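A.B. asks: Listed below, chain by chain, are the residues.
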Amino acid sequence: MKLLFEVHPDGHITVTVEGVSGPGCHQYTAEAEDVLGVATARSKTPEFYQHARTGHVQQTTEQ
Amino acid sequence: MSEYVEIDTVLTDPDHLVAALGDLGFAREHIEVHPHAVSLAGYRGDERAQRAEIVIRRQHVGSSSNDLGFARQADGTYRAIISEYDQRTPGVRGFAYDQAFLGRLAQQYGVHRLMTHYQAQGYRVSVQQRADGVMHVEAER
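Protein sequence lines correspond, in order, to chains C and B.
When we follow my numbering, the leftmost residue of the first sequence carries the number 1, and every step to the right adds one.
When we follow my numbering, the leftmost residue of the second sequence carries the number 64, and every step to the right adds one.
Don't read these hints as lab results, they were simulated from the structure.
Certain hints may be false.
Now the stretches of chain C that chain B is said to cover, found in silico as 3 or more residues with beta-carbon under 8 Å [unchecked claim]:
no., segment
1, 9-22
2, 31-37
Per label pair, the in silico range of CB-to-CB distance [unchecked claim]:
no., chain 1, residue 1, chain 2, residue 2, range
3, C, Leu4, B, Val101, 36 to 42 Å
4, C, Arg42, B, Glu92, 38 to 44 Å
5, C, Ala30, B, Ala163, 27 to 33 Å
6, B, Ala112, C, Leu4, 24 to 30 Å
7, B, Ser102, C, Arg42, 37 to 43 Å
8, C, Gln27, B, Gly196, 26 to 32 Å
9, B, His93, C, Met1, 39 to 45 Å
10, C, Leu4, B, Pro153, 50 to 56 Å
11, B, Gln184, C, Asp10, 25 to 31 Å
12, B, Ser102, C, Thr14, 36 to 42 Å
13, C, Thr14, B, Ala137, 25 to 31 Å
14, C, Gly19, B, Pro153, 27 to 33 Å
Note that this is a predicted model, so its numbers are computed, not measured.
All C-beta atoms in this analysis are idealised placements derived from N, C-alpha and C, irrespective of residue type, glycine included.
Model the full assembly from the supplied sequences, consistent with the hints where possible.
C.D. replies: Okay, here's the thing in structure tokens:
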């Protein structure tokens, strides 16, 4: 699995998790938040919804 | 891809804050790190009411500058203490200590935090700077 960080010149950081689908990836973004600071926005990418719809995982409610 | 999160960097780690100040051109020997807050001085050497744990003395900030400090707050974060003069006046590094400076500082801090944390967790970490100034950090395992 891979974590991709874009660290902007204003200190703002975006994190994308690759290679982990569904709510399982939340632990990785939560870890990044612990390391860096405060999350200001969160969204699910298509892979998350694909798994959620097909019933492999249950969608979590965190936002 | 499965989740995308945006994070505002918060300065909490003194070692990485010092490293980030070094990235912006401050010599390590000019960055004071105190276990307890010490007084900051104004441009005439006068002691100010503000106190901070991490201090860069005024002669290393600019020709008519005040001391620049980072004061640890009750919640564990560091708050920059920068005089109005130094926020609008380019100093010895050629830039003013304004919001853009604090942004670049947070950027360097974030890269140091990410590299140290994820390397310790067994990830392969790479860093690249793009032409637009954005730093790309990849952590893989």
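A.B. asks: All the hints need checking, so say for each whether the structure fits it.
C.D. replies: For each hint, the structure was consulted:
1. Interface restraint, the segment 9-22 of chain C with chain B: holds (13 residues with C-beta to C-beta distance below 8 Å; minimum three).
2. Using a Cβ-Cβ cut-off of 8 Å, 5 residues of the segment 31-37 of chain C lie near chain B, which meets the minimum of three, so the contact claim holds.
3. In this structure the hint that C/Leu4 and B/Val101 lie 36 to 42 Å apart at CB holds, the actual value being about 40 Å.
4. Between C/Arg42 and B/Glu92 the Cβ separation comes to about 42 Å, which falls inside the hinted range of 38 to 44 Å.
5. Distance hint for C/Ala30 and B/Ala163: a CB-CB separation of about 30 Å, consistent with the stated range 27 to 33 Å.
6. For B/Ala112 paired with C/Leu4, a C-beta distance near 44 Å fails the hint of 24 to 30 Å.
7. The beta-carbon spacing between B/Ser102 and C/Arg42, approximately 42 Å, falls within the hinted interval of 37 to 43 Å.
8. Distance hint check for C/Gln27 and B/Gly196: the Cβ-Cβ separation is about 30 Å, which falls inside the suggested range of 26 to 32 Å.
9. Separated by about 41 Å at the C-beta atoms, B/His93 and C/Met1 satisfy the suggested range of 39 to 45 Å.
10. A hinted range of 50 to 56 Å for the beta carbons of C/Leu4 and B/Pro153 is inconsistent with their spacing of about 35 Å.
11. Hint check: B/Gln184 to C/Asp10, Cβ distance near 26 Å, so the stated range 25 to 31 Å holds.
12. Between B/Ser102 and C/Thr14 the beta carbon distance is about 39 Å. The supplied range of 36 to 42 Å therefore holds.
13. In this structure the hint that C/Thr14 and B/Ala137 lie 25 to 31 Å apart at CB holds, the actual value being about 29 Å.
14. Between C/Gly19 and B/Pro153 the beta carbon distance is about 45 Å. The supplied range of 27 to 33 Å is therefore violated.
In this structure, the earlier hints numbered 6, 10 and 14 are contradicted, and the remaining ones agree with it.
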